[in-house]
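Visitor: Based on the sequences and whatever the hints tell you, model everything.
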Amino acid sequence: MTSSVEPLPPAAAPAETVLTAMPLAPGIAIAPLRFHAPDEPDVPVRRIAPEAVHAETERLEKALLATRDELHALRTSLGGDSAAIFDAHLLAVDDPDFLARIHREICDGKVCAEHAVARAGAYFADRFSKMEDDYLKERANDIRDVVRRIVHALAAPAAGGGAAVPAVAGPPAILVARELTPSEAMNLRGSGVAGLVVESASPTSHVAILTRALGIPAVTRLSSPIAALPEGAQAVLDGTRGTLTIRPAEATLSEKAREKAVADALRGRLAALKGEPCRLVDGKRVMLEANLDMPRDAEEALQGGAEGVGLYRTEYLFLDGSGIPGEETQFAAYAHIARLFAPRRVVLRTLDLGGDKLAGNLHPGMESNPFLGWRAIRLCLGREDIFRPQLRAMLRASALNPNLEIMYPMISRAGEIDRANALLAECKEELRREGKEFNENVSIGVMVEIPAAALTARDLARKVAFFSIGTNDLTQYTLAVDRGNEQVAHLYDPLHPAVLRLIAETIEAGEAAGIETGVCGEMAGRALYAPLLVGMGAKSLSASPRNLPTVKAVLRALDSTECRELARAALQSADGAATKERCRALVARRAPELLPLVD
Amino acid sequence: MTSSSPSPPERRVRVLNRYGIHARPAALLVKAASAFPDTEIFIRKGDFSVNAKSIMGLLTLEGQHGLELAISASGPRAAEALDALEALFRDKFHEE
Numbered sequence: 001m002t003s004s005v006e007p008l009p010p011a012a013a014p015a016e017t018v019l020t021a022m023p024l025a026p027g028i029a030i031a032p033l034r035f036h037a038p039d040e041p042d043v044p045v046r047r048i049a050p051e052a053v054h055a056e057t058e059r060l061e062k063a064l065l066a067t068r069d070e071l072h073a074l075r076t077s078l079g080g081d082s083a084a085i086f087d088a089h090l091l092a093v094d095d096p097d098f099l100a101r102i103h104r105e106i107c108d109g110k111v112c113a114e115h116a117v118a119r120a121g122a123y124f125a126d127r128f129s130k131m132e133d134d135y136l137k138e139r140a141n142d143i144r145d146v147v148r149r150i151v152h153a154l155a156a157p158a159a160g161g162g163a164a165v166p167a168v169a170g171p172p173a174i175l176v177a178r179e180l181t182p183s184e185a186m187n188l189r190g191s192g193v194a195g196l197v198v199e200s201a202s203p204t205s206h207v208a209i210l211t212r213a214l215g216i217p218a219v220t221r222l223s224s225p226i227a228a229l230p231e232g233a234q235a236v237l238d239g240t241r242g243t244l245t246i247r248p249a250e251a252t253l254s255e256k257a258r259e260k261a262v263a264d265a266l267r268g269r270l271a272a273l274k275g276e277p278c279r280l281v282d283g284k285r286v287m288l289e290a291n292l293d294m295p296r297d298a299e300e301a302l303q304g305g306a307e308g309v310g311l312y313r314t315e316y317l318f319l320d321g322s323g324i325p326g327e328e329t330q331f332a333a334y335a336h337i338a339r340l341f342a343p344r345r346v347v348l349r350t351l352d353l354g355g356d357k358l359a360g361n362l363h364p365g366m367e368s369n370p371f372l373g374w375r376a377i378r379l380c381l382g383r384e385d386i387f388r389p390q391l392r393a394m395l396r397a398s399a400l401n402p403n404l405e406i407m408y409p410m411i412s413r414a415g416e417i418d419r420a421n422a423l424l425a426e427c428k429e430e431l432r433r434e435g436k437e438f439n440e441n442v443s444i445g446v447m448v449e450i451p452a453a454a455l456t457a458r459d460l461a462r463k464v465a466f467f468s469i470g471t472n473d474l475t476q477y478t479l480a481v482d483r484g485n486e487q488v489a490h491l492y493d494p495l496h497p498a499v500l501r502l503i504a505e506t507i508e509a510g511e512a513a514g515i516e517t518g519v520c521g522e523m524a525g526r527a528l529y530a531p532l533l534v535g536m537g538a539k540s541l542s543a544s545p546r547n548l549p550t551v552k553a554v555l556r557a558l559d560s561t562e563c564r565e566l567a568r569a570a571l572q573s574a575d576g577a578a579t580k581e582r583c584r585a586l587v588a589r590r591a592p593e594l595l596p597l598v599d
Numbered sequence: 600m601t602s603s604s605p606s607p608p609e610r611r612v613r614v615l616n617r618y619g620i621h622a623r624p625a626a627l628l629v630k631a632a633s634a635f636p637d638t639e640i641f642i643r644k645g646d647f648s649v650n651a652k653s654i655m656g657l658l659t660l661e662g663q664h665g666l667e668l669a670i671s672a673s674g675p676r677a678a679e680a681l682d683a684l685e686a687l688f689r690d691k692f693h694e695e
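Just so you know, the sequences run in chain order A and B. Throughout the first sequence, residue numbering follows the working numbering, covering 1 to 599 in sequence. Throughout the second sequence, residue numbering follows the working numbering, covering 600 to 695 in sequence.
It is worth saying that the hints were derived from the structure and are not from the lab. A portion of the hints provided could be inaccurate.
Cross-link-like lysine-lysine pairs, in silico, DSS-like; alpha carbons within 30 Å at most [to be verified]:
hint, chain 1, residue 1, chain 2, residue 2
1, A, Lys274, A, Lys260
2, A, Lys62, B, Lys630
3, A, Lys463, A, Lys428
4, A, Lys137, B, Lys691
5, B, Lys691, B, Lys644
6, A, Lys110, A, Lys130
7, A, Lys110, A, Lys62
8, A, Lys260, B, Lys644
9, A, Lys580, A, Lys260
10, A, Lys274, A, Lys110
11, B, Lys644, A, Lys137
12, A, Lys284, A, Lys463
13, A, Lys130, B, Lys630
14, A, Lys274, A, Lys62
15, A, Lys580, A, Lys539
16, A, Lys284, A, Lys580
17, A, Lys274, A, Lys256
18, A, Lys284, A, Lys539
19, B, Lys644, A, Lys130
20, B, Lys644, B, Lys630
21, A, Lys130, B, Lys691
Guide: Now the structure itself:
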């Protein structure tokens with residue numbers, strides 16, 4: 001496929017034309033092309049009398065409140081990255097400089113609120129659009145979007161939340177637009193728009209994130225100017241490969257339609273599995289849980305069919321710029337997740353940060369190698385003033401969910417577990433005296449991510465109720481590779497026999513002591529590797545919510561014997577590449593239709 | 600206490616993030632600054648000074664990678680505020 005500019009043939013010769021583009025959101029859409037009419041509300045420009053300034057300011061306040069509510073509602077209906085887009089809008093609506101400017105326009109300029117908002121917005125939008133940085137240039141769109149929303153709210157104060165920006169209605173179409181604001185992108189949902197061609201958008205832009213989240217195929221940077229596209233012509237948009245086929249021939253149409261049907265069926269199949277347990281063909285059960293970074297990921301986890309939370313990272317509480325969180329703040333967070341998932345398993349991990357990352361920089365001497373430094377359990381055991389409130393908060397949350405468990409990270413020796421448990425016992429005694437409830441039998445486990453822990457897992461297993469293998473760090477430490485270092489990142493290989501052997505030994509040691517082992521590293525979310533982990537004896541896999549459906553689909557197609565055989569061969573293999581091939585061959589044999597999904 | 604106090608002391612910081620002060624770091628700065636509601640905090644690039652509690656202001660700063668900026672704070676808990684913001688710059692806003 002060349003990427004040179006191709007002139008379109010004249011309308012009188014309706015031959016099939018294939019244009020190349022940059023993929024933005026995957027999938028296939030087959031529909032007529034339609035140009036997007038951007039929403040430009042009429043902004044009234046009225047002078048107001050000095051006596052009316054107060055009333056106008058009140059009008060503005062009401063509209064701002066309504067706008068905030070709408071943005072909050074939009075945020076809640078989305079998850080992950082998509083929600084962050086509207087976070088930026090919310091910050092803009094609350095921005096002191098923006099608001100100060102609007103007020104000045106009303107009070108000093110004596111103009112109506114709509115005009116004031118538009119002018120203040122234009123000032124900033126103008127500054128942003130003149131910037132070199134593409135990312136910042138796009139912020140101009142955010143501001144225009146927020147201005148439109150506020151102006152709509154001013155025009156229709158009685159309207160309920162979420163209806164401010166008119167939806168794009170109509171029959172199925174592939175929308176062609178110069179640009180699309182986040183609000184307009186949201187309105188594509190259920191609008192009949194099957195696909196989107198946007199003139200110029202980066203893969204990390206809002207429109208890219210939203211179209212992916214909404215499942216609408218999209219492309220950008222077409223090899224031909226979009227203005228020249230024939231409105232109304234039938235087209236096939238391939239957001240996966242990055243092509244737009246105008247006036248497709250019969251053969252193309254049927255081929256693409258078939259591809260689309262397969263993809264839709266697959267997506268439907270995965271969605272249908274949501275309520276199904278993860279059971280192998282012979283009935284063996286594997287728990288599929290979610291790794292959560294932030295509370296708002298919890299919704300996505302439940303949507304993806306997570307049977308619990310295998311790893312709840314608590315670092316976000318310590319990283320939001322407001323210092324070390326107190327016990328109450330932490331308890332509120334842990335209680336929320338405990339209740340949300342009860343009675344399903346929720347594993348809270350104690351702080352896994354380095355001193356250099358905590359507010360106020362607890363470790364003034366710059367560590368030359370923080371990765372091997374004072375962090376996680378080491379820091380916590382050295383700073384009881386930080387560890388105790390967290391343990392207390394977690395214990396209190398255990399009263400709300402019988403299967404809430406606590407896990408210590410970066411364990412390298414049994415002594416650490418003993419000391420941490422001693423502190424835990426003291427916290428329990430305190431809570432008992434204070435009359436605060438907690439689960440007396442709360443399960444305590446450890447992350448196995450340091451090779452020393454894996455190699456002495458037999459000893460550690462006697463002191464804990466479960467293991468959770470952190471394959472990311474285990475791989476880095478074992479192979480002495482920093483994934484973030486571009487020079488050596490290619491050496492990072494979780495399928496390296498050394499890593500696999502450590503995983504297998506850990507699981508075996510656990511089994512010998514009667515405890516279960518789960519895997520919470522990235523490996524657990526790779527459907528290609530999941531059978532390997534299951535074959536080695538992992539009882540649960542915890543991963544990013546969006547990976548769970550595919551993992552489930554693959555495991556449900558296999559039986560335990562195959563997985564065990566895969567593991568056996570892998571442990572005897574001399575290199576990771578051969579193991580990867582075996583993994584792929586297994587999926588190709590048993591679930592070939594899932595192969596495109598497992599990379 | 601005094602009527603003609605000198606301009607508040609400044610702390611120099613450097614933008615270490617690969618992608619500079621884009622929306623996420625700016626949001627973190629606003630959040631950190633907003634934790635000190637009675638303190639006035641400004642970030643200066645050359646002659647151009649912005650309110651650290653303003654996301655728009657911060658973004659118009661165009662804080663590219665490698666840029667040196669100056670933070671100043673006046674009012675209650677000024678030193679604490681400066682510490683908090685300085686830490687964010689030093690930690691590259693937790694992006695690696």
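Visitor: For this structure, which hints from the list above don't hold up?
Guide: 8, 10, 14
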